[in-house]
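From first to last, the protein sequence lines are chains U and Z. Heads up: the first sequence begins at 200 in this note's numbering, then just goes up one per residue. Heads up: the second sequence begins at 1102 in this note's numbering, then just goes up one per residue.
In case anyone wonders, no lab produced these hints; they're calculated from the structure. Misleading hints may appear alongside valid ones.
[As the list claims (entries may be wrong)] One side of the interface only, derived from the structure: several residues of chain Z facing chain U at Cβ under 8 Å: (1) Ala1182; (2) Ile1204; (3) Leu1235.
The beta carbon of each residue, even a glycine, is placed where N, CA and C say it ideally should be.
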Amino acid sequence: MKIVIEPGRAAAHYWRDLWRYRELMSFLAWRDITVRYKQTAIGVAWAIIRPALTLLVFVAFRRMAGLTAGAVPDVILVLAAVLPWQFFSTALSESAASLISNTGLISKVYFPRMIVPASAVVTAFVDFVVTLALLAVLMAWYGVTPDVRLWALPLFVLQAGALAFGLGLGLAALSVTFRDFRYVVPFAVQLGLFVSPVAFATSQVPAAWRTIYSLNPLVGIIDGFRWSILGGRVPIDAAVMAMSVAVTLVALVAGTWYFRRTERGFADAI
Amino acid sequence: MSDTVVSIEGLGKRYRVRRSQSGDRYQTLRDTLAHAASAPLRWLSGTSSGAAVFDDFWALRDVSFGISRGDVIGIVGRNGAGKSTLLKILSRITEPTTGRVTIDGRVASLLEVGTGFHPELTGRENIFLNAAILGMTRAETTRKFDEIVAFAEVAPFLDTPVKRYSSGMYVRLAFAVAAHLEPDVLVVDEVLAVGDASFQKKSLGKMHEVSRGGRTVLFVSHNMAAVQALCTRAVWLDQGTLAREGPVSEVVNAYLRSGEQPTTALPGQPLRAAPSLDLLRFDLSPNPLTSGGRLNFDLAFRAREATTISELALLIYSPLEVRVAILDLRPFGCPIALAAGDTQSFRGAFKSVPLVDGEYHVGFGLRASGHAADHLRLAVLRVLGPPPSAGIVPYAPEYRGVVEMELEVSPAHG
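So here's chain U without its partners, still in its complex pose:
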């Protein structure tokens, strides 16, 4: 094996290296999960408590606002949005912060840097899978049975992951140079919760606002979740879905491009 180091050369074997270092990605994800629950009394139960409490608060708000929809139990309608939202927001904020919180690694060891934000998304995904158990239990309790549309769920999970990864790559690279993004990201995520259909359904948005509203790629993802889990009792709109996929692809391509372009300077700038 011959390694050539030259200015601008890092690109040459990037994707091959990324594949070679895939084990490191799972190790980093494993580290983050293990460390998170060490010295906690209830361990993984924390992964359930977070969405459960969010669910409780949102359901209570809906009751007070008289938003209850009818066809679908409120609890399931809200939880079907809380889960993808939490997966997306955790994956996004962790991957955006991942480079800065692994400064030591980046300035002392070589590996394709994309592994770091990617492992943050994997970590969030593991938590997400745990929370699916909560959904399964509540669906059984309320007697909501999914139909064949459930098979489409992994696609929406994949889309949520891809969107978070794409945005996370860009934000992680930006925050190496501009530490401002450490403050921007949590705020944006907080705001995002209110402009995404988590506490309400897309059908409750006034028709005049729908077009602007659907520019938010989370609309398509969350609607997709509800649609596949609730067996189509919540409709999806083809135009909204197409927009959501398009925005996801743009985020992924732009994030990757910016990350790759700035990556060679990370060790010097961080």
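Take the given structure of chain U and dock chain Z to it, following the hints.
Below, chain Z without anything else, positioned relative to chain U:
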């Protein structure tokens, strides 16, 4: 076999240093936005092009050399000479600005002991994590696991979080993982600076073993004795350029010799030897001294206030920073009580200084009124070789150790 494993051609690394008063390392978005927003104004008024905001700094410049298979190369130089930058480029952590490096084989680098160790994880977990970070596969790590644990001597604590380890155990474990990598080229930065003496010896032994196995090692250290013990060749970097490259003793000696000019005089002001004691005089004569000759010394102190000198010893260090001798002056009158303003001198002679030619540092250690202090580099003693015996050229000083012993041999046959 001397095929080239690493070849470095015209390597350079430029850093752009922002010329700013604040010394802030990170740009803020606000600065950038403000700069961008005012750009049209600056352009209109034609003042600054904005290019002058950065200063160029070359951490490495036009460095070229080659390394053969099985070589152990020491990289020496003062702080900021570009040693770490070179290692970072070879480890692919950062890219060069100019030039090219070709490496034939797998590179593993150990720029820091325990990179990626997580304090909350157990010893066992950290071994796997650290190994993955250093580029080992899970299968390789499993195979070498027992060997690593044995080397690190942490078997009873494998399932304890490393945050509860002593610093010695931590370092041993971290080094053990790295030492069991099997790269073709191993890059090591100053890791032997940590750990106790027995562990340092063990790590040096391990690195010897690595190089005997035909692997190439690049080793940066400020410990010249370690470099000489471990390396076959050396590279001396000075302000980013290659000052010298060649056999280790040659390069190390040249590097050390560049260090300082011989002086025996103290700088203008008296040296504060202890809080209440000034050093007035520290003379060695003759200097240079012929090996085996008599060396006179003359020290004088003045007390600022009432002081008791309870210990005083002269210390001699070799060019490799190894202590050669300690000359204990306690039997000559200590403890000595001084009143404020009193002066106390010590005059005497080393009857014979049988040192190999070279430059030695002379200083002293002192304990006065409970304060202990070492002043190690007060004078450079230059020792000249004895006149060579008829017809025989002596071995070069770097092969002769530090002591020039007197010899009496009666060759007899039968």
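Against the structure, the hints:
Taking 8 Å as the C-beta contact cut-off toward chain U, the hint placing alanine 1182 of chain Z at the interface is violated, the least distance being around 18 Å. About 4 Å separates the beta-carbon of isoleucine 1204 of chain Z from the nearest beta-carbon of chain U, less than 8 Å, and the hint is met. For leucine 1235 of chain Z, the interface hint holds, the least distance from its beta-carbon to any beta-carbon of chain U being 7 Å, beneath 8 Å.
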